[in-house]
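**Q** From first to last, the protein sequence lines are chains A and B. Quick note on numbering: the first sequence equals residues 1 to 296 in the working numbering. Quick note on numbering: the second sequence equals residues 1 to 334 in the working numbering.
No wet-lab data here; the hints were simulated from the structure. Any given hint could turn out to be false.
[Said to hold, decoys possible] Over 10 Å on every C-beta distance to chain B, these chain A residues come out as not near it, computed from the model:
#1 Lys50
#2 Arg104
#3 Gly107
#4 Glu119
#5 Gly125
#6 Asn132
#7 Ser184
#8 Leu213
#9 Asp284
#10 Glu285
[What the hints assert, rightly or not] BS3-like, lysine-lysine: derived pairs with alpha carbons at most 25 Å apart:
#11 B:Lys231 with A:Lys175
#12 B:Lys231 with A:Lys130
#13 A:Lys50 with B:Lys119
#14 A:Lys67 with A:Lys50
#15 B:Lys231 with A:Lys161
#16 A:Lys152 with B:Lys231
#17 B:Lys119 with A:Lys136
#18 A:Lys152 with A:Lys130
[To be verified] Reference listing, derived: stretches of chain B covered by chain A, where coverage requires no fewer than 3 residues with Cβ under 8 Å from a Cβ of chain A:
#19 206-214
#20 219-233
Here a beta-carbon is modelled for each residue, glycine too, at the ideal position from N, C-alpha and C.
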Amino acid sequence: MEQQTVTEDHAPTSAASTMDQRPGLHVDIGQRRRAQHNEVHITLKDVTVKYGTFTAVRGVSLEVPRKEITALIGPSGCGKSTLLRTLNRMNDLVPTASVAGSVRYNGEDIYDADVDPVEVRRRIGMVFQKPNPFPKSIYDNVAFGPRLNGVKRELDDIVEKSLRRAALWDEVKDKLGQSGLSLSGGQQQRLCIARAIAVDPDVILMDEPCSALDPIATLRIEELMREMTSDYTIVIVTHNMQQAARVSDRTAFFTVDVDNPQQERSGVLVEVDDTETIFTQASDERTEAYITGRFG
Amino acid sequence: MSTTLTTPEPSKLRGIGGGRADRLFRGTLIFAASSVLVILAAMIIRTTIEAWPVFAKEGLFGFVFGQQWSVGTSRSEVTGTYGAFPFIYGTIKTSLIAVVVAVPLAIGIALFTNEVAPKWLRRPLAYTVDTLAMVPSIVYALVGMYFFRLYVWGPAGQVIADSPLTSVPIIGGFFSGPVLLSSYWSAANILAIMILPIITAICRDVFAQVPEDERNAAYAMGATRWEVMSKVIVPHSFSGIVGGTMLGLGRALGETLAVAVLIGSSQRWAGRLFAGGDSMTAVIANTFADAHPEAIWALLAIGVTLFFITMFVNIGARLIVARVGGRVGGGAVI
Numbered sequence: 001m002e003q004q005t006v007t008e009d010h011a012p013t014s015a016a017s018t019m020d021q022r023p024g025l026h027v028d029i030g031q032r033r034r035a036q037h038n039e040v041h042i043t044l045k046d047v048t049v050k051y052g053t054f055t056a057v058r059g060v061s062l063e064v065p066r067k068e069i070t071a072l073i074g075p076s077g078c079g080k081s082t083l084l085r086t087l088n089r090m091n092d093l094v095p096t097a098s099v100a101g102s103v104r105y106n107g108e109d110i111y112d113a114d115v116d117p118v119e120v121r122r123r124i125g126m127v128f129q130k131p132n133p134f135p136k137s138i139y140d141n142v143a144f145g146p147r148l149n150g151v152k153r154e155l156d157d158i159v160e161k162s163l164r165r166a167a168l169w170d171e172v173k174d175k176l177g178q179s180g181l182s183l184s185g186g187q188q189q190r191l192c193i194a195r196a197i198a199v200d201p202d203v204i205l206m207d208e209p210c211s212a213l214d215p216i217a218t219l220r221i222e223e224l225m226r227e228m229t230s231d232y233t234i235v236i237v238t239h240n241m242q243q244a245a246r247v248s249d250r251t252a253f254f255t256v257d258v259d260n261p262q263q264e265r266s267g268v269l270v271e272v273d274d275t276e277t278i279f280t281q282a283s284d285e286r287t288e289a290y291i292t293g294r295f296g
Numbered sequence: 001m002s003t004t005l006t007t008p009e010p011s012k013l014r015g016i017g018g019g020r021a022d023r024l025f026r027g028t029l030i031f032a033a034s035s036v037l038v039i040l041a042a043m044i045i046r047t048t049i050e051a052w053p054v055f056a057k058e059g060l061f062g063f064v065f066g067q068q069w070s071v072g073t074s075r076s077e078v079t080g081t082y083g084a085f086p087f088i089y090g091t092i093k094t095s096l097i098a099v100v101v102a103v104p105l106a107i108g109i110a111l112f113t114n115e116v117a118p119k120w121l122r123r124p125l126a127y128t129v130d131t132l133a134m135v136p137s138i139v140y141a142l143v144g145m146y147f148f149r150l151y152v153w154g155p156a157g158q159v160i161a162d163s164p165l166t167s168v169p170i171i172g173g174f175f176s177g178p179v180l181l182s183s184y185w186s187a188a189n190i191l192a193i194m195i196l197p198i199i200t201a202i203c204r205d206v207f208a209q210v211p212e213d214e215r216n217a218a219y220a221m222g223a224t225r226w227e228v229m230s231k232v233i234v235p236h237s238f239s240g241i242v243g244g245t246m247l248g249l250g251r252a253l254g255e256t257l258a259v260a261v262l263i264g265s266s267q268r269w270a271g272r273l274f275a276g277g278d279s280m281t282a283v284i285a286n287t288f289a290d291a292h293p294e295a296i297w298a299l300l301a302i303g304v305t306l307f308f309i310t311m312f313v314n315i316g317a318r319l320i321v322a323r324v325g326g327r328v329g330g331g332a333v334i
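Could you put together the complete structure from these sequences and hints?
**A** What follows is the structure in C-alpha cells.
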C-alpha cells in the first residue's frame, strides 16, 4: 500500500558550517525539526504536464505527507503553479493541457478514467493568488460550496465553523450579510480559506496566497496555515523564500531546465527535502544558488 | 577676456492661432451635441401640439383607458371617440411575451457561445446571432407572415391550446383556443426573434466579464460546469441581463412593421394569447395612410403615449441596473 513514510535519508554535509557567511538569508528555521514525517497523502510519480506541445513540467516525482505543509518554490516559469493545479485537476479546465504519470491521493490515481474531477476538487480544495470572494455576502461565500452539495439545515453551523477555522469569525460575526468584497485583502483571503474548507476537504492547495497581501496580513495567514496542519494537508506555491522557510515542513525546489534534447524550456524538480535541510544544506548547488539569492 | 551674455530672442509663447481654432472646434461640437436636444424637443413639442385636441377631448385617463376607437372625419375638430386602451394593451402584452420568450433563449445562446461551444465555433455563432439584428424588419414581417405563422407558431399554439394548461384555474383561459394565425402570439414571437440578438449580445458581454478567478474559485470547490454557469456566471451578470432585457423590451415596444403585419388588426382587445388584437405601432402604420386630419391627431396622440412609455421603461431599466449593480458590487455594463 501507499502507507510508507518519508524519512530523512540525507547525510549531513559540511555546507551547514558555511551558513553564516551566506548573505541575505535571515530566516527562522529549525523550529520544526522532524524525526519522521507523517504518512504520505499524495504521491506524484513521473508527472509531466503539457500545454499542447509545450512541456510545462517534466518528470516530477514527489511525496506529500499528510497534515504537513509542503512548499513548492522556484523561479518564475518553473511550473510550480502548473504542478499545483494538477493535484486537484484544475488543469482539466485548460483544453490543451495533458497530464502524464500518476498522481495518487490516498493511494488512488486521480487521473484514472472513472474518477470524477468534481469529486477530486471537493476533497482537494484550493486558495488562489488574488483573494477572489464572490460578489455575495460573507455568509453566502462560505455557504456556496456546502449548498452545491445540497446542504440546507446545518448551514449556519458550517459557516460559523469554517469562519472560526479560518480565524475570521470574530471579525465578521456581526456582519455576515455584508458583501465579501467589503473586507480587507487579508480578511478576503481568509474568507476564501473559510470558503475552501467549508466543503470539508482534507488537502488545501495554496497558489501564492499571500502575494497580494501586506506583511501583517501575510503573517496572519501563515499562522493560520500552521494551525490548520492539525486537520489539513497543505501544499503551497510561494515566491517568498522566507515564507517557505517559516511555514513549511518540506520544501520542493523547482527550476527551469533547458538541457533536454529538444532545447525546450520546462520545469523540473531539483530536489525535495525537509525545509530545514533545503535551507541549510541543500544537496544541489542550484537550490543553494536560488535560496541564497544568486539567481531567480 | 570677458564674455558677454546675450539675451535670447523672445520665443513667441503668446500666439493666438491655436486659441481661435480651438474656439471654432468647440463651437462646432457644442452645435453637434445640442442638435440632439433640439431635435428631440422639436419632436415632443410638435407631436404634442398636434395631438392636443384629442387629449383635451378624451382626457388623459379617457385616452389611455378608453376602449372605444371610432374615427371621425373632421378637418378642424375632434368628432370621433378615441380610447387607445386596446392598442396600449396589445403593445405591452406582445412586448412582455416577447421578452419572456427571448430572454431564456438569449441566456442559453450566450452561455453556449461563451462557455460550452468549442473555441472554433464561438465566433461563427456570435456572428450568426448578430446577423439576425441586420435583417430588415420587412423581411421578418414577410417570413413571419408566410412561414413561421403557418408552420411553426400556429401549430405550436394549437398544441398549447390543446394541452392541459388550459384547464389550470386563472391562467387557463389565457391559453385557450381558437388559435388564430394572426394574433398576439404570432406578433410576440416575431418580436422575440427580433430582440434576441441585442439581448444575446449583451448577455455574452456580461458573461465574458465574470472574472476567471471567480469561476476557478467555484470549480476548485467542486462545482460542475453547470453549477458554475448557474450559480456564478448568471448571478454575477444579473444586472447586465436586466439591462439587456430592458433594452430588448424597449425595442419590442417600438417595433412596427412586423407587428402590424402579424397582430391581426382587431380593434377589440382580448385576454387570450391566441386572439387577434392591435398594437400602438400597428394601428399607426395600418391606418395613417387614409386617415382624416382628426384621426391623424389621434394617431399622433398614440405616438406621444408610446414615446413616454418607452422613456419610462428606459428610465426604469437604468434604475434597476444601478440598484442591482450597486448591491452586488459591480458587473453592470449598460
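**Q** Holds or violated: are the alpha carbons of Lys50 of chain A and Lys119 of chain B at most 25 Å from each other?
**A** Distance ~19 Å between Lys50 of chain A and Lys119 of chain B Cα, so the pair holds.
**Q** Are the Cα positions of Lys231 of chain B and Lys161 of chain A separated by 25 Å at most?
**A** Between Lys231 of chain B and Lys161 of chain A the Cα gap is close to 23 Å, so the pair holds against 25 Å.
**Q** Would the hint linking Lys231 of chain B and Lys130 of chain A be met if the CA-CA limit is 25 Å?
**A** Roughly 21 Å between the alpha carbons, so the hint for Lys231 of chain B and Lys130 of chain A holds.
**Q** Non-interface claim for Lys50 of chain A: all C-beta distances to chain B beyond 10 Å?
**A** holds (18 Å)
**Q** Holds or violated: Lys152 of chain A and Lys231 of chain B, Cα atoms, limit 25 Å.
**A** holds (16 Å)
**Q** Since Glu285 of chain A was said not to touch the interface, does its Cβ keep a gap of more than 10 Å from each Cβ of chain B?
**A** holds (36 Å)
**Q** Was Asn132 of chain A rightly flagged as not at the interface, with every chain B Cβ beyond 10 Å?
**A** violated (4 Å)
**Q** Over 10 Å to the closest beta carbon of chain B is the bar; see if Ser184 of chain A clears it.
**A** holds (15 Å)
**Q** How does the segment 219-233 of chain B fare against chain A when you require at least three residues with a CB closer than 8 Å, holds or violated?
**A** holds (count 9)
**Q** Between Lys119 of chain B and Lys136 of chain A, does the CA-CA distance stay at or below 25 Å?
**A** violated (30 Å)
**Q** Taking C-beta pairs only, is Gly125 of chain A more than 10 Å away from all of chain B?
**A** The assertion about Gly125 of chain A is violated, with a minimum of 6 Å to chain B.
**Q** Decide, holds or violated, for the assertion that all CB atoms of chain B are farther than 10 Å from the CB of Leu213 of chain A.
**A** Correct as stated: the minimum Cβ-Cβ distance to chain B is 15 Å, above 10 Å.
The structure does not agree with the numbered hints 4, 5, 6, 14, 17, 18 stated previously, though it agrees with the rest.
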